[in-house]
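Participant: Chain by chain, the residues:
Protein chains: 2
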Amino acid sequence: MASGRHYGLILAGGRGTRFWPRSRRAHAKQVLRFLGQRSLIQQTVDRLRPVLPPERLWILTNDYLRAEIVRQLPEVPKRQILAEPAQRNTAPAIGLAAHILQSIDPDAVMGVFPSDHMISKPRRYLQFLRAAFQAAAQGKIVVLGIQPRWPETGYGYVEFPKNVQAGSIKPLAVRRFREKPDLKTATRYVKSGNFYWNAGMFFWKTSVLLDALREYLPKTSTLLASLPAFANRNFASKLKSVFPRCENISIDYAVLENAPQVSGFATDDFGWNDVGSWNAVYQLAPGDASGNVVRGEALAHASSGNYVDAEGKLVALVGVKDLVIVDTPDALLIAHRSSAQEVGEIVKQLEQQRRDGLL
Amino acid sequence: MASGRHYGLILAGGRGTRFWPRSRRAHAKQVLRFLGQRSLIQQTVDRLRPVLPPERLWILTNDYLRAEIVRQLPEVPKRQILAEPAQRNTAPAIGLAAHILQSIDPDAVMGVFPSDHMISKPRRYLQFLRAAFQAAAQGKIVVLGIQPRWPETGYGYVEFPKNVQAGSIKPLAVRRFREKPDLKTATRYVKSGNFYWNAGMFFWKTSVLLDALREYLPKTSTLLASLPAFANRNFASKLKSVFPRCENISIDYAVLENAPQVSGFATDDFGWNDVGSWNAVYQLAPGDASGNVVRGEALAHASSGNYVDAEGKLVALVGVKDLVIVDTPDALLIAHRSSAQEVGEIVKQLEQQRRDGLL
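So the sequences go chain by chain: A and B. Numbering-wise, the working numbering comes out as the position in the first sequence, counting from 1, plus 39. Numbering-wise, the working numbering comes out as the position in the second sequence, counting from 1, plus 39.
Incorrect hints may have been included.
Any copy, or any two copies together, can satisfy a pair, since identical chains are not distinguished.
[What the hints assert, rightly or not] Subject to a maximum C-alpha distance of 35 Å in a straight line, what follows is the list of computed DSBU-like cross-link-like pairs (lysine-lysine):
1. Lys352 - Lys258
2. Lys223 - Lys201
3. Lys117 - Lys223
4. Lys179 - Lys160
5. Lys223 - Lys360
6. Lys219 - Lys387
7. Lys387 - Lys360
8. Lys360 - Lys219
9. Lys230 - Lys258
Think of the hints as simulated: they come from the structure by calculation, not from any bench.
All chains, full assembly: derive it from the sequences and hints.
Facilitator: Quick look at the structure:
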């Protein structure tokens, strides 16, 4: 049959070290409130609601974050918020969710969603979402491509046929998936007009995905197939022994690049932003007349273009420009906005050197 | 007689708003530990000790600071640490101290010292100090001039005769006192070679100073003369009614500019620094290989020339240069070092706007 009930898998295991010191293991990017009153994962659930009611959502996260996510999302059934027993990449996580859903609903059609992005035009987004579910229900493996706005080297790309029309709400044959390019290649991609950002949003019938895993990732597939039914009281303990043995590999690399036919939507601008650094948060937030964005209270003198996050403390800025200032009880970040991308790497390096829990 | 016991008056009523948020009313610049383990006022007492034992020191401060100064200086008799009942300029404060000393020792020779400066070569300094006391004991009004190192517009100047020799340890006739000049004038002063900075260090017999006050500041002189002896139990209450009525005027303006004969020493470099801003503290402190000066713990990546004062908190610097970062439990300052001079004015303005206790 062509239809099937829709389910959503929200991947929420990321750490978001680029948002240190606000982000910590137990308070990663997806549960932070950068803009407005709802965290990124709450915004994700809110945004999906017209297509996927919270009862149809499953969330994969880790032991550090699960309690906070349960707290933030009372509308999602608690048993559907799972902690992965080990940090693996997206293929085992998605495979696990597909196994569970398949055992609940053999006709399940699932969408996979990052938990930590923003979308400023959700109505436009939902049009593509509905079309993507429809295509997936027909047995297709489906990806949403985002029309690129600059030659980003931090994303993978989806190559569509030449002369692709952005914004067409019908599935196209994907020519190839391309891994993160160097700047020269990315520039060529963006100029070409038929390369789109791969934003990690995928749609398929669980049966289709499980078939693909069996073919392209047999070891992980066999491991996951050895799990008892989700309702079984031994499920959690079995998962603990099985999951860490799964391959540490992305779904892009394991499945999408190998599948002979993948469909994609060449979406136009629905205001997608992966909120990749403090600078992205700065860019997304409304600023004052001097371009300062402030969470908390700041007094700016001859200062412009700064991002300040220091709740519960008065911040005085004197003659400073384009800084990111994030204050927490035990750590303070002062970064130039143009260096904000480096924060995560630096923090990870520091933590390796120190081994005393920066994160 | 030409000799007389030496006394020191340390003026410690200043607020040091340029060191906000570290400086507060009850924790002003002079009691802060910027460099080393001793506060500026402790360093002042330490430095004077070879010439002025602590029993001969008197300290004038205010009600906010007195308890902290008493705590920091157990070697100075507590009764000699006085809080002025109102904020006045240096003339009433010095006049008050002269009155008290005169009643204790009619032959007293007093030196007046700021409480919040640094001197890196104290042995050289003491040579001038001894010579200055000697000249004062002979009835002279004496000032120490500091050889200028740049055309500072924030200090007054002492004009010596042409072709003055820096570093001569004998008193010279001062031609004139000059108030804070504009930059053009200051540049001319420095070029001329016979203009020295007035660093607020004065020496005189108390009897000579009291005579001068009687002549040039009769109202304040009469008011102070109406006080009972220091040992009198009504002294404090009388002071409360008398002191606020004294004129708000500096000793430079009231006496030094009017006295027909003032002697001065054209000192050479004994490492005087008035620690006028966070930038001065930065300049005085030893930095790391990247020129970062850190109190507390900071991790610097592609960052140089920064001053960090954030004890009890980890600070991460990423791609920032020449900043002053001062963190306290309720306030955080981020200033460019080149704007550090403005911090005090800005904080005073803010406080006037807010009226809720920044300081």
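Participant: Each hint needs a verdict: does it hold in this structure or not?
Facilitator: Results of checking the hints against the structure:
no.	hint	verdict
1	Lys352 - Lys258	neither (53 Å within a copy, 47 Å between copies)
2	Lys223 - Lys201	within (20 Å within a copy, 69 Å between copies)
3	Lys117 - Lys223	neither (46 Å within a copy, 74 Å between copies)
4	Lys179 - Lys160	within (26 Å within a copy, 82 Å between copies)
5	Lys223 - Lys360	both (30 Å within a copy, 30 Å between copies)
6	Lys219 - Lys387	within (21 Å within a copy, 52 Å between copies)
7	Lys387 - Lys360	both (26 Å within a copy, 22 Å between copies)
8	Lys360 - Lys219	both (32 Å within a copy, 32 Å between copies)
9	Lys230 - Lys258	neither (40 Å within a copy, 83 Å between copies)
The structure fails to meet hints 1, 3 and 9 from the earlier list, while all remaining hints are met.
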